[in-house]
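Enquirer: These are the residues of each chain, in order.
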Amino acid sequence: MIFRTFLFALPFMSLSVFAGWDDINMSPGATALGQEIFGLHMTIFWICFAIGVAVLGAMAFILFRYRKKEGVEAAKFDDSTFLEFTWTILFALILIGMSIPATITMIRAYDDTEGDINILITGHQWKWQYEYIEDEVSFFSNLSTSLDERNNLAPKGENYLLEVDEHLVIPTGARIRFLITANDVIHSWWVPDFAIKQDAIPGFVNTGWTQVNEPGIFRGQCTELCGQYHGYMPIVVEAVSPEEYKEFIIQKKEAKLQQAALTEKLWTAEELMAMGEGVYQKNCVACHQVNGEGLAPVFPALAGSDIVMNDKARQIEILMEGVQGAAMQSYAEQLTEVEIAAVITYTKRSWGNDVNGNGEIVAPKEILDYKTNKL
Amino acid sequence: MSAVIESHHDDHHHGPAKGFSRWLYTTNHKDIGSLYLWFSFIMLFVGGAMAMVIRAELFEPGSQIVSPEFYNQMVTNHGLIMVFGVIMPAFVGLANWMIPMQIGAPDMALPRLNNLSFWILPAAFGVLLSTFLMEGGAPNFGWTFYAPLSTEYAPPTVTFFIFSVHIMGASSIMGSINIITTILNMRAPGMTLMKMPLFVWSWLITAYLLIAVMPVLAGAVTMMLMDIHFGTSFFNAAGGGDPVLFQHVFWFFGHPEVYIMILPAFGIISHIIETFSRKPIFGYSSMVYAIASIALLSFVVWAHHMFTVGMPIAGELFFMYSTMLIAIPTGVKVFNWLSTMFRGSLTFETPMLFAIAFVALFTIGGLSGLMLAIAPADFQYHDTYFVVAHFHYVLVPGALFSIVAAVYYWLPKWTGYMYDEVLGKTHFWLSFISVNLTFFPMHFVGLAGMPRRIPDYAMQFADYNMIVSVGAFLFGLSQLLFLFNVLKCVYYGKSATAEVWEGAKGKGLEWTVDSPAPYHTFETSPDLTKPQTNS
Amino acid sequence: MSSESSYYVPASSRLPIFMALSLLLFVYGAGYTINDLGKEDSYSHWILISSFLMMWGTMFFWFSEVIKENDSGMYSDQLNTSFVHGMSWFIFSEVMFFFAFFLALGYVRIFAVPWLGGEGEKGITNILWPGFEASWPLMETPDNERFPGAHHNMSIPHISKIHTWLPFWNTLCLVTSSGTIALAEAALKKDNRKAFKLWMVVTLTLGYIFVVLQSVEYYEAYAHMGLTLGAGIYGTTFFLMTGFHGFHVCLGAIILTIMTIRGFRGAFSEHDHFGLAAGSWYWHFVDVVWILLVLVVYVF
Ligand code: HEA
Ligand code: HEA
Ligand code: CUA
Ligand SMILES: [Cu+2]
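Chains A, B and C supply the protein sequences, listed in that same order.
Counting the first sequence from 1 gives a position; this note's numbering is that position plus 5.
Counting the second sequence from 1 gives a position; this note's numbering is that position plus 3.
Counting the third sequence from 1 gives a position; this note's numbering is that position plus 1215.
It is worth saying that the hints were derived from the structure and are not from the lab.
Just so you know, not all the hints are guaranteed correct.
[Said to hold, decoys possible] In silico BS3-like pairs for lysine-lysine, Cα to Cα no more than 27 Å straight-line:
(1) K261(A) / K251(A)
(2) K74(A) / K257(A)
(3) K270(A) / K287(A)
(4) K510(B) / K81(A)
(5) K261(A) / K287(A)
(6) K317(A) / K428(B)
(7) K317(A) / K370(A)
(8) K317(A) / K287(A)
(9) K287(A) / K257(A)
(10) K74(A) / K198(B)
(11) K21(B) / K73(A)
(12) K258(A) / K317(A)
(13) K508(B) / K73(A)
(14) K73(A) / K428(B)
(15) K74(A) / K258(A)
(16) K317(A) / K376(A)
(17) K161(A) / K270(A)
(18) K508(B) / K81(A)
(19) K1404(C) / K1283(C)
(20) K258(A) / K270(A)
(21) K198(B) / K258(A)
(22) K1283(C) / K1405(C)
(23) K287(A) / K258(A)
(24) K74(A) / K21(B)
(25) K81(A) / K497(B)
[Stated by the list, open to error] Partial list, derived from the structure: chain A residues whose beta carbon lies under 7 Å from chain B:
(26) G44
(27) L45
(28) I191
All C-beta atoms, glycine included, are put in the ideal place defined by N, C-alpha and C.
All chains should be modelled from the sequences, with the hints used to inform the complete structure.
Expert: The following block contains the structure:
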């Protein structure tokens, strides 16, 4: 009976290994390092597989062959120094065999020379910030899958939970070095195709590098538990030709200038409200919820909040500085002046917060003033 | 047994006191063993129910039944309860029952301390579970509680979590002191160290590990407490500390901890295999040396859980090599078990079935562990379901199966009644099939890139997750059979003989006493220097 | 001394369950007290205090019971050996508790602080903390606004000023007391009760002087040196390591005080004085930890 089970179990296990390879095995890698690690993985896997088959096979044989039979006595032997010595040596040899390719790959993965392009990656609860150090371009990358999809109210797209509003764009053919850190808790930046998984540790910097030769889109996720929305901070890297990359950087720089101009513009309440709603949906709902009720006790309600209704100065300060020791972080860098002004206006005028009825708005200029005064 | 000891309390000889207070005040190793085992059984259902919530949430992509926040609380408490509330107490319970019987001692060395060690456990877990009702919710930072998620960013209940970990630690330390002392000081005359049953050996070494590492865990949570409430900066770079320091301290405890959860299993499995093979264990002394070397090595491998934190390369290589070395003594054990069965006369009663499944599936879990030990490959495996698959293979069909096997194996000795063999075999086959259905596909989704500790996942993982969930429900339901079988045995079982198993002849002192074993097994130790006769 | 030849297994006992209850109370008391720190209208500390009372009460009865049982000759040699094993392994567990803190200090000094300061394999970290330089004792932290650093540290001064350095006197006290307690034990073994009492009193005095000096040092640190728990990792490790050590000295001193009182009341004999021996091992352990601590916390 036992024997039959193992006969049944073995093919079940091995079969599933061969079925639909892509869905069930590691990414073969889109970079040299990725491919090398994939190769290492397969080597180790086959060795372990062979050991497994040998051990389980031997066991199945023993179970069948030496089941209790009428008139057959069990043997009496209880050790054999020779055998034990032999298999200890055998194990040691196998292990040495495994450690050689592992060591070589390890050394290659740790090659830490300077890159052509250095990108500082900062993990925040629950989004990634990318900063192109040489070009002084910086932006945030948020999950863009809609709440409806997540709540099963809309059909799920192909890249459900793996899509973001801003891709990390890198040029092909260049050596990119990532400097990885975090702002609050530990996150981990993982893109399987690059075989990079580096923990983002607040206050410390880890490094990783990659060089992609073919254009493409590569997806990954945060892999260190970082709080409630840990499952919702994906990574999308887009490799483009060097020309397109240049274009991308120029665009980003121009956008920055445009933002500055927008700050000077006179905004109407409606414009701010419209923009503010968008900003709120993207950045704030995670904690303060769509209806502004927050999630007691950790995330306070903004609806009916004294600060939101009556203390403009303090609210600006909270958004610009964050609250020390709480999940409420500074938005000074993530959002533009306009966006901050808009979202504050939005919170002041939504959910019945406009009790004073004076239709108070916060102008981008005020945020700019706050910034300049601080300097 | 003869030689009645002088006692000032007359209930001493007759057996247990009556009523509930018996369990509160008891100093008897068997009572305390039963308390531990029942406690761990109950916690298995509590922690298992949490696993069911996890699997229900992961049944399909999309938000299903719980919020992400509550999901994290489930994962955290599932891990904590299974590790500290199920596996460890169950092994301590088995130690309490079996060690005095196997070494011919009158009881545990320090009986009152023994009672205390048990009763603070329900207190610790009561506190932990009560955090679900408190403001801020239960701990949600994973069973490994990495700082600063567990310090600066933790819910206020973390304070209670910290103190309850202290209490669990105190329980383990006191329990282990008791076990070590019993083993070293209370053996029957003639039972030299190298004649001790392997279960006793495995516990001697486990207890040593526990005393060595539980205080380190206490240190880790104390540092957290100070960081949270008293302004220190152990885990805060702004003050010169390092969040990774937490991980080093934690895993210095944590890795030996996982061997704490498997070494006693090695002991149990050795006994069961030799009994049902009707042969002596193969390579007794190499078994002992293997356990000892696993324990020693376990102190220098901890950072294999931290290959991705950005260690200097020398560290990565060192921890990779040292981890791989553990495969040698473990392999020796597996091969010794095979050799014990080789040319034996095998029968397949329920304990043996579980033991065989243990050897087979633990090997699979061990081999995936070896893959994880390959540092550069672990860059890809780390914090994915591949790791979840690895550790469930060593913990569920590993540690948990060994406990189930031990219960079936010794239950007749404890209660005096046989369990229902048909029910037992049904329980085994259902468990065996569903455990593989649950945990094997996890390897695939892990390799394909599904991270751990997420309440929702991308579409390509959907199919296998559904299989896993179905397997998990089936496995959960099968455990109800186990409960039923134990209860049926206690209340309606057929009487068992002293030797219980045909192959148990000459396999240890516990088989020489009546079934059920008398309340006080050996009031004076049997003298093993004289030739033994089986009763 | 033992008249029993068999191992004494106490009948059921109420003591442990009370101890477990007081620990339960302790967890809730301590948890709520700490979480309520700074709240005016909190009663939680009363839970904590009552848990302590219950714990001490239970311990008192527990130890009296053990002493009574021992005096009535119920303990065999074998059982006394159990106590010896038990106490040794308990001390081993304490050693490992301190080990965690030594590990932390070592890690911080060898890795974390240099990395933050731009040295070593992860020196690139310094881009996050421009201007921060690694040094030990760490007087300027990476973020001086949150963790203000210390103004002065406790390091060993020039050898000519050693007498102004409290840890020097502390070390002297503790090392000497380790010797005097050995003398006390030796005297007891020779049944010289007078010498025994004398040496116990000397030991205790030295122990209490240590505690007082240590308090003075803490006071100085907080009042004049800007060295606090919140000063950054130097203050953190300094206070936690010396603090837990000090706590153990207090424990040891309490144990020894009780032993001395019992000694004065005629307890212990030449052969049977496990309580005293255990206290004395504990005291030696505390002494050894101190010496290691002086080396890594104050000197190097
Ligand atoms: C009972 C518990 C248990 C046991 C016994 C083990 C055993 C082993 N574990 Fe496992 N492990 C865990 C419980 C356990 N583990 C847990 C709980 C985690 C996750 C913690 C968390 O993050 O939450 C974990 C995580 C974990 C990691 C970290 C993965 C990551 O997070 O990235 C690693 C990496 O090295 C690892 C390795 C190993 C190895 C090499 C063994 C070895 O001891 C296995 C040795 C056995 C064999 C190799 C098989 C038998 C041998 C032969 C048949 C001989 C022939 C073989 C050869 C010569 C190769 N384990
Ligand atoms: C010894 C330890 C142990 C044991 C026995 C188990 C048992 C199980 N574990 Fe768990 N597990 C861990 C230790 C253990 N686990 C640890 C340490 C973690 C990591 C935590 C972390 O990341 O912090 C983890 C994490 C973990 C995860 C990953 C979660 C995540 O990362 O997001 C999952 C997911 O499937 C899982 C599933 C299961 C299942 C289905 C069982 C089943 O085997 C459980 C079966 C038992 C029962 C079900 C109970 C008995 C029956 C009933 C209660 C009757 C009712 C039944 C029904 C209604 C069906 N476990
Ligand atoms: Cu960020 Cu997980
Ligand atoms: Cu480990």
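Enquirer: K1283(C) and K1405(C) were given as a pair; does the straight-line alpha-carbon distance stay at or below 27 Å?
Expert: 24 Å, holds
Enquirer: Given the hint that K161(A) pairs with K270(A), test it: the Cα-Cα distance must not exceed 27 Å.
Expert: 39 Å, violated
Enquirer: Check whether the Cα positions of K74(A) and K258(A) lie no farther apart than 27 Å.
Expert: Given that 27 Å is the threshold and the Cα spacing comes to 83 Å, the pair is violated.
Enquirer: Has the given pair, K258(A) with K270(A), been kept, meaning a C-alpha gap of at most 27 Å?
Expert: 19 Å, holds
Enquirer: When you check the alpha-carbon spacing of K74(A) and K257(A), does it fall within 27 Å?
Expert: 80 Å, violated
Enquirer: Min Cβ distance, G44(A) to chain B: is it shorter than 7 Å?
Expert: Result: violated, 10 Å to nearest chain B Cβ.
Enquirer: Is K74(A) close enough to K198(B), meaning Cα to Cα at most 27 Å?
Expert: Violated: K74(A) and K198(B) sit about 31 Å apart, past 27 Å.
Enquirer: Has the given pair, K510(B) with K81(A), been kept, meaning a C-alpha gap of at most 27 Å?
Expert: 14 Å, holds
Enquirer: K317(A) and K370(A) were given as a pair; does the straight-line alpha-carbon distance stay at or below 27 Å?
Expert: OK: K317(A) and K370(A) at ~14 Å, within 27 Å.
Enquirer: Do the alpha carbons of K317(A) and K287(A) lie within 27 Å of each other, as the hint requires?
Expert: 22 Å, holds
Enquirer: Does the structure keep K198(B) and K258(A) at a Cα separation of 27 Å or less?
Expert: Distance ~78 Å between K198(B) and K258(A) Cα, so the pair is violated.
Enquirer: Double-check L45(A) for me: the hint is only fine if its C-beta lies closer than 7 Å to a C-beta in chain B.
Expert: Since chain B brings a Cβ to about 5 Å from L45(A), closer than 7 Å, the hint holds.
Violated hints, listed in ascending order, are 2, 6, 10, 11, 12, 15, 17, 21, 24, 25 and 26; each of the other numbered hints is respected by the structure.
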